[in-house]
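Heads up: the protein sequence lines correspond to chains G, C, Y and B, in order.
Here the first sequence stands for residues 0 to 128, numbered as in numbering that gives the first Met the number 0.
Here the second sequence stands for residues 0 to 128, numbered as in numbering that gives the first Met the number 0.
Here the third sequence stands for residues 0 to 128, numbered as in numbering that gives the first Met the number 0.
Here the fourth sequence stands for residues 0 to 128, numbered as in numbering that gives the first Met the number 0.
For the record, the hints were derived by calculation from the structure and aren't laboratory data.
Just so it is clear, the structure is predicted and the values come from calculations on it, not from any experiment.
Hints may be right or wrong, so weigh each one.
[To be verified] Label pairs and their in silico Cβ distance ranges:
{"#": "1", "chain 1": "B", "residue 1": "117", "chain 2": "Y", "residue 2": "95", "range": "27 to 37 Å"}
{"#": "2", "chain 1": "Y", "residue 1": "39", "chain 2": "C", "residue 2": "5", "range": "43 to 53 Å"}
{"#": "3", "chain 1": "B", "residue 1": "117", "chain 2": "C", "residue 2": "2", "range": "23 to 33 Å"}
{"#": "4", "chain 1": "C", "residue 1": "0", "chain 2": "G", "residue 2": "34", "range": "17 to 27 Å"}
{"#": "5", "chain 1": "C", "residue 1": "110", "chain 2": "Y", "residue 2": "39", "range": "41 to 51 Å"}
{"#": "6", "chain 1": "B", "residue 1": "11", "chain 2": "C", "residue 2": "18", "range": "45 to 55 Å"}
{"#": "7", "chain 1": "Y", "residue 1": "32", "chain 2": "B", "residue 2": "20", "range": "47 to 57 Å"}
{"#": "8", "chain 1": "Y", "residue 1": "39", "chain 2": "C", "residue 2": "113", "range": "48 to 58 Å"}
{"#": "9", "chain 1": "B", "residue 1": "117", "chain 2": "C", "residue 2": "18", "range": "54 to 64 Å"}
{"#": "10", "chain 1": "G", "residue 1": "95", "chain 2": "Y", "residue 2": "66", "range": "23 to 33 Å"}
{"#": "11", "chain 1": "G", "residue 1": "98", "chain 2": "B", "residue 2": "99", "range": "36 to 46 Å"}
{"#": "12", "chain 1": "G", "residue 1": "5", "chain 2": "Y", "residue 2": "115", "range": "48 to 58 Å"}
Positions of the beta carbon are idealized from the N, C-alpha and C atoms, including for glycine.
4 protein chains.
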Amino acid sequence: MRESFARQQFMATIGAELVRVAPGEVDIRLRPDPRLTQQHGYLHAGVVVAAVDSACGYAALTLLDEAAEVLTVELKVNLLAPATGESLFARGRVVRSGRTLTVCTGEAVAVADGTETVVATLLTTMMAV
Amino acid sequence: MRESFARQQFMATIGAELVRVAPGEVDIRLRPDPRLTQQHGYLHAGVVVAAVDSACGYAALTLLDEAAEVLTVELKVNLLAPATGESLFARGRVVRSGRTLTVCTGEAVAVADGTETVVATLLTTMMAV
Amino acid sequence: MRESFARQQFMATIGAELVRVAPGEVDIRLRPDPRLTQQHGYLHAGVVVAAVDSACGYAALTLLDEAAEVLTVELKVNLLAPATGESLFARGRVVRSGRTLTVCTGEAVAVADGTETVVATLLTTMMAV
Amino acid sequence: MRESFARQQFMATIGAELVRVAPGEVDIRLRPDPRLTQQHGYLHAGVVVAAVDSACGYAALTLLDEAAEVLTVELKVNLLAPATGESLFARGRVVRSGRTLTVCTGEAVAVADGTETVVATLLTTMMAV
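Model the full assembly from the supplied sequences, consistent with the hints where possible.
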């Protein structure tokens, strides 16, 4: 998994790193950076979605055969608050792991001055290939 | 609008540019680049989502007062095929423009060797602020 | 397909009937009825969703082997206007038909005094079983 | 709220009743019935969605002014397992309550022979009107 993550160049581009891997659960952290912002200086929704989508994909992988890979079939995200602060944590959790499809929920949590704010909640379907 | 787009640093980071603006319709183009890929060398879903989300947001803006800004409330995307090729076009179209909320559909089309493939379809709700 | 539809007792409960079947396209019609309303007298969102979901499921079926059945994996719907009038048409269209998964869009159109209003737009993933 | 629920004739049609109301949380129960089934004898997705959507709408209402009403802007549901058994519980929970928009998650839980199965998970945006 860490090898696959390392091959995701976009994760490096947005400064994301895997910080926790457990069965059905993966956390990714990234550091907000001016290169990743939208017009108001907050993290662009696409960055938030990319991080949570990746956390969900790897969470799905933890419950599949070692040789399996996963593709995102679809995802839905509600953006709840501006994403800003020192760190963004993207958390993926498996809700239902099937042979072909895995359903995950995810959330993005921004940390600013020690305060956590949930900035996005996500529901997604992954497919093992 | 072009000014707001120019302030979206993440759009520059992913090499996206506005290529068409019409009432209720905005197209964005980006050039796939190794920095934007996932582990199989395709464009990361987050990049595709970022481009289509931005196209939809600007499409919504075209039908609002000049002073308005829009936030993405939520979006849902189905990824239909790997995003690869020379160009990716992200197209945002307004389905219903309301005073507070605007509903848009979007799609991402990859162009490889002159052939177009729809790689993602998106349905989103934007809020005027 | 008409046999399968006839076995969907909920379709009878809401007065839905298949009115058009073509490759990748199915239309269902239902007659708004007081038993199907929410507190403002409009069709309940669940009824609208049920009709469009069924239209999409049957649209998916038209492109699969005769023995196949489909399940709705997930769906997302935006409700655009109150559903009221003499008839509601639910239209399902296949966007991408794969061996395992089919992606469809759907819409619900209310007809009142000869005027059509799109009241819902839907994006859904179906699985062949 | 109980008055509004009583005016939702579709809730009576599907045999749904409010069983729990707390700030930001509403549970609805319904009894599966042959009139509510799809072609395999399970509850139709539209019935499941209707119940969870209503639970979410009322959960949103609990945190708004007494005079407020809510409309479903959009919803997304993943269907995880066939809905069958003696009872279906639809649970709506507020994730974020804003002045205009409320985001809720919901789930449907089927109870068969004393065993609970989560059959659907939902993410939705409600608007106060």
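Let me make sure I understand: some of the numbered hints might not hold for this structure. Which ones are they, in numerical order? 3, 7 and 9
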